[in-house]
Amino acid sequence: MPFLAQASSFSGSVDRVFLGTLAVCAAFLLLVTFFIVYFSIRYSRKRNPEPVDIHENTPLEIVWTVVPLVLFLAMFYYGWTDFRTMRNPPPDAMVVEVTARQWAWSFKYPNGRQSGELYAALGRPIKLVTRSLDVIHGFFVPAFRIKVDVVPGKSNFVWFAPRLLGDFDIQCTVICGVDHSAMLSKVRVLSEEDFKKWYFSDEDAPHAAAPAAGSPRKTSALELLGAKGCLACHSVDGTPMVGPTLKGLYGTRHAVLFKDGEREVAADEKFLRQVIQEPDSAVVVGYPPVMPPSDLTEAELAEVIAYIKSLRDK
Amino acid sequence: MSYLDRQGGGLLSWIASTDHKRIGLLYLALMTVFFFVAVGIGVAMRLKHLSGGDFLMTAQTYNALFTVHGVIMIFLFVIPGLPAVFGNFFLPILIGAKDVAFPRLNLLSWYFFVTGAALAVLSLFTGHGPPDTGWTFYVPFSIKTGTNVSLAVLAAFVLGLSSILTGLNFITTIHRLRAPGMTWHRMPLFVWSLYATAWIQVLVTPIIGITLVLVILERFFNIGVFDPAKGGDPLLYQHMFWTYSHPAVYIMIVPAMGAISEIIPTFSRKSIFGYNAIAYSSIAIAGFGSMVWAHHMFTSGMADTADFVFSLLTFIVAVPSAIKVFNWTATLYKGSIEMSPAMLYALSFVFLFAIGGLTGVMQGALGLNVHLHDTYWIVGHFHYVMFGGTGFAFFAALLYWFPKMTGRMYAARPAYAAWGLTFTGFNILYFTMLVLGAQGMPRRYYAHLPQFHDAHLVATAGSWLLAAGLVTLFSNFICALFRGRKAEANPWGGITLEWTISSPPPTENFAEVPTVTAGPYAYNPGRPG
Chain A
1 MPFLAQASSF
11 SGSVDRVFLG
21 TLAVCAAFLL
31 LVTFFIVYFS
41 IRYSRKRNPE
51 PVDIHENTPL
61 EIVWTVVPLV
71 LFLAMFYYGW
81 TDFRTMRNPP
91 PDAMVVEVTA
101 RQWAWSFKYP
111 NGRQSGELYA
121 ALGRPIKLVT
131 RSLDVIHGFF
141 VPAFRIKVDV
151 VPGKSNFVWF
161 APRLLGDFDI
171 QCTVICGVDH
181 SAMLSKVRVL
191 SEEDFKKWYF
201 SDEDAPHAAA
211 PAAGSPRKTS
221 ALELLGAKGC
231 LACHSVDGTP
241 MVGPTLKGLY
251 GTRHAVLFKD
261 GEREVAADEK
271 FLRQVIQEPD
281 SAVVVGYPPV
291 MPPSDLTEAE
301 LAEVIAYIKS
311 LRDK
Chain B
1001 MSYLDRQGGG
1011 LLSWIASTDH
1021 KRIGLLYLAL
1031 MTVFFFVAVG
1041 IGVAMRLKHL
1051 SGGDFLMTAQ
1061 TYNALFTVHG
1071 VIMIFLFVIP
1081 GLPAVFGNFF
1091 LPILIGAKDV
1101 AFPRLNLLSW
1111 YFFVTGAALA
1121 VLSLFTGHGP
1131 PDTGWTFYVP
1141 FSIKTGTNVS
1151 LAVLAAFVLG
1161 LSSILTGLNF
1171 ITTIHRLRAP
1181 GMTWHRMPLF
1191 VWSLYATAWI
1201 QVLVTPIIGI
1211 TLVLVILERF
1221 FNIGVFDPAK
1231 GGDPLLYQHM
1241 FWTYSHPAVY
1251 IMIVPAMGAI
1261 SEIIPTFSRK
1271 SIFGYNAIAY
1281 SSIAIAGFGS
1291 MVWAHHMFTS
1301 GMADTADFVF
1311 SLLTFIVAVP
1321 SAIKVFNWTA
1331 TLYKGSIEMS
1341 PAMLYALSFV
1351 FLFAIGGLTG
1361 VMQGALGLNV
1371 HLHDTYWIVG
1381 HFHYVMFGGT
1391 GFAFFAALLY
1401 WFPKMTGRMY
1411 AARPAYAAWG
1421 LTFTGFNILY
1431 FTMLVLGAQG
1441 MPRRYYAHLP
1451 QFHDAHLVAT
1461 AGSWLLAAGL
1471 VTLFSNFICA
1481 LFRGRKAEAN
1491 PWGGITLEWT
1501 ISSPPPTENF
1511 AEVPTVTAGP
1521 YAYNPGRPG
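So the protein lines, in turn, are chains A and B.
Residues 1 to 314 (the working numbering) make up the first sequence, in order.
Residues 1001 to 1529 (the working numbering) make up the second sequence, in order.
In case anyone wonders, no lab produced these hints; they're calculated from the structure.
Just so you know, not all the hints are guaranteed correct.
Just some of the chain A residues that point at chain B, by a computed CB distance under 7 Å [as the list claims (entries may be wrong)]:
#1 Val17
#2 Cys25
#3 Ile36
#4 Tyr43
#5 Asn48
#6 Pro51
#7 Trp64
#8 Val66
#9 Arg87
#10 Asn88
#11 Asp92
#12 Val151
#13 Lys154
#14 Ser220
#15 Tyr287
The beta-carbon is built from N, C-alpha and C at its ideal position, and this holds for glycine as well.
With the rest of the complex left out, here is chain B:
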């Protein structure tokens, strides 16, 4: 009896379920819808740049589109993505537990997520139009604009609650519910990454909560915390915003790194190289990553000493990410590599994330940052990290775990075709943005100067390939849901705990709580894992 068959398929058995696996699927379904809405908005923005001047939409619409694209992608897909979907589904299974520590709290997290998502949608259609400030809601513009900033900000606030509760739940689960013998150093690396992420979620999300409430208070009561005319400071907002939103970048990327650390060993048939280095570098990223926020503000006019310190820390936080990249590469050495679609996406992740990380290192250099800040370079850079990184890892994880989650196999050929399209389109689109930015094209521009036009055309063409690839990828999954052949319990030959149970997993995960005797990637039982 799998978790999917339980008590028939009534709606209530889903939306009132405290089963971590069903909740994981609920997140997956809703997020996929939002993801494609935001992809559509992205494609529309690229279409606008087929012309340098007025074309297709008004400037106000364009400003609303890039704001909504950012809000949906960041708050409804990239931040919650891997923890809420794969964390929920696999964290208990990977440590040999029956569910998360607080199943009802987990359901509450889901309802906060749904409420936040509903408020975000509502902000588009009520008030004086969707917000037009960019997802960063910088004051004083976000306070002066007549658009529906208050509701959008409230949506982000409620989504924050969901994120905090999920983090809390995961920390407790990892501390309390590990199966006998599942010591810290026998935990799969995806669990380590969720652990590091959960701490960031719990510790920094309240800061964005406070900040967003202050924005709402400013808008309704003019309290003046950010208003220089009343002794406030607009830069205070930026500090508070980035104190959360920079660590949030690591909330987005660290679980992705964890998923990659599962996929590469399975398809290489060998142990991960440098387990400790990868596990502890996640913690180092969580720690140092919380102290680099002001590198978003090098041109804001803060003290030169602050510029110096934040630039230095920015270079240091790059080191643990580099360590991970080297260890993943070394894992391949003398493996027996099967280039499955999941593996192909996982290795593409390493390549794209490396470009994202290295462009980040470049713009961390102060003198260079002055030129690159707020240009398309930045847009290209964070899409390499967030989309090439987290997005591609999300796809890799979905390709890897889809048979386990649904009990169905997808067709391999369309998955390879989707990879070709997404990988090619992605690089055409975002590498061109890096070039545009280096030449001085500012971000969030409705109109562009003639010298940038040719590159804009190239980027737009790339967006079509990318969108076609994404449609191919997900159509393949949807076909597989209905027509895919039944998946075996262990289609990839993995040895972490999820592969020891049936596909889809039984409601209680394990008939009997497993006892763990070796590390997660002990392909060679002769050696200690």
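Isolated chain A, as found in the complex:
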């Protein structure tokens, strides 16, 4: 595509098919337009008051049936060869699970490391396996020319091998609710060395190998909120979003709709635990009932609640 980075191994060949088909199509269009304009002028009523009645010409009909058919089949073939490559990931590709929910992305690596942005090593193929927690989403990285629908109950895949360093936009492409256009993230393509550093820097990851370099670092609660998609709807600085902000939330009283009716309760540890684990069982009045249940471990849950507490006085 013009003006769009060719950041994956497919980009070049997809763009060649784009430009090739564009050239053929533009030639068709120019040809037809030329004749329409030329005939309109040459055979205008003023220049040509007496029409010649011509009904048909079979050889001509055959030519303009067969020629487009052949060209179209060629386009089909080149489209198909590209697609075949996209559908056959190399066996050594690193498998990353991408989880979509309204309205956030989360990525889980083979060693258990999780993040809200997709980290990749230059040149190293990654196979993304999809999972949706609610509705259909679309995973789209324009710079990589890849897209796959994230369908609930179905595991789709897409793969890529990045060929440029840098950050590339991830956008959701299937309408998934009010914040569809805010369901964005980034692919961060790092050098092999930087990627390793990032990959092994999470000592919480269940299968983390010895850290390569630098000091080991725990995933902070804020990073956890990012990785689990919480920050798509809850701000930590008071900004109004789809759900209540976490800033100053702890201890405040709210009208809450429980299964058995509406009550006012304080946002204490017990309450937070309940809404995080079973969001449907308690919905704060004034907010839509759209929060999905989370898969936080007990340790992670404690850490998140501690963090929300710490935001009380800020």
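Could you slot chain B onto chain A? The hints should help.
Leaving out everything else, chain B in the frame of chain A:
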């Protein structure tokens, strides 16, 4: 005594009329209102993109607007447009009949249409707000969302009934009511196109009916047909939806092609080039067009074999459309061309439809589709087909047949000015969308990333020109209704049957049933038509 003078002008003489011509005008009036509502919504959405972030409206409102824009345009204007207005009005006249085969059923179709339209309007103002799913109502979002999806879907269901009955009526009319001597190969091409369209309407519309009922059942009773947790499959919905909605694209475009095939010969003063090729390519489109639906689903994760087959068929269905384009162009050769406003719109149709068709061919290539799917490229592509194609053909048909329908002539200058504005604005708006899509701008986005901003501004500016052109075009028609000079019976020198009767036509169309002795475009009577 014309059909307009009959029994005074009381309201009842219109809404209880079984006259195909009056019913055609009823459709035209209601559709024009809905068309402008949806145009207004389109302009509002473009205004939102003057800013990348929060501006003018909330994200929820924006999502409702693109859904309502799509629902109105697709179900209330583009699908029924040419068959319901010009098909109703001209099909009987073009084959030398007094009315359609079932005039009362025809009136019932109109009432289903009105009911569907009323339900669609009702869905905007009741329940928990207008639907926000896009006109495609993809599950599971359309089942989970709290907005008024059920009523909107019911509206589409009722509109489907109207479409099926009209199709049935037209098929029977064409088979049974042709005047003596009106053999199949002497039928005007607009009739051929209505015939192909009517079969699609009758055969595939029930599928969308079933699908929409299932959505309502899911919403109220959680039956689980589309729910993976209960063994259902969300992709089943997409297959069922597109099994109708892709052929529906041909319901939209084929009658438009038919109208163009009437206009070009009249203003070229000669026979259409390749009558058989154009007639049979309509049937080929109807046939192949029913087997390409899953090209809307190449990224959905269906089997690679299905991707292969549907892509291949997609390229094949492009061939009959290409054949039509070449034949229209060849019709101009050695004609005596009058560049009337109707002809100008008709030739613009060929150009815009060609862009729509060719961009469709490009995105049919699998590897490329992965990148282009669900972006502004798609939005640009289908507006070139639906608006540049069907919309411009609708305007061309209206400019062509308006004098016959109303007995009034419109002013030519404003019509040319309207063409300049619509054609320029259209291309600025939608070509820019193609560029945006190729660069990765997803569709149905309230907010957009900064790299897309400049192009969004250009597109929005185009929407203003386009809207100004549409207002000019229709104001001119409305002025003509009240102040236009009387139209002659045959202002364009056409030779199909509608030009042999007065403008506006008499109630019974023909004082005496005509006997047809030549083809529809026999400008040179010395030769067999």
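Verify the interface restraint on cysteine 25/A: the C-beta must sit less than 7 Å from at least one C-beta of chain B. Status holds, d = 4 Å.
A closest beta-carbon separation below 7 Å is what the hint needs, so does isoleucine 36/A meet it against chain B? Given a least distance of 6 Å, the restraint on isoleucine 36/A holds.
Could you check if serine 220/A really has its C-beta closer than 7 Å to a C-beta on chain B? Because about 27 Å separates serine 220/A from the closest Cβ in chain B, which is outside the 7 Å limit, the hint is violated.
Quick one, is the tryptophan 64/A hint okay against chain B at 7 Å, beta carbons? Because about 4 Å separates tryptophan 64/A from the closest Cβ in chain B, which is inside the 7 Å limit, the hint holds.
May I ask you to test the interface hint for tyrosine 287/A with respect to chain B, counting a Cβ-Cβ separation under 7 Å as satisfied? Constraint on tyrosine 287/A not satisfied, violated at 12 Å.
Hint validity - valine 151/A Cβ closer than 7 Å to any chain B Cβ: 6 Å, holds
Per the CB criterion, is lysine 154/A less than 7 Å away from chain B? For lysine 154/A, the interface hint holds, since the closest Cβ of chain B sits about 6 Å away, which is under 7 Å.
Against chain B, run the beta carbon of proline 51/A and see if the smallest gap drops under 7 Å. Holds. Min distance 4 Å.
Interface restraint verdict for arginine 87/A against chain B (beta-carbon cut-off 7 Å): 5 Å, holds
Close enough to count: is the Cβ of asparagine 48/A nearer than 7 Å to one in chain B? 5 Å, holds
Quick check on asparagine 88/A please, does its C-beta sit within 7 Å of some C-beta on chain B? 9 Å, violated
If you take the shortest Cβ to Cβ gap from aspartate 92/A to chain B, is it below 7 Å? 21 Å, violated
The earlier numbered hints that this structure contradicts are 8, 10, 11, 14 and 15.
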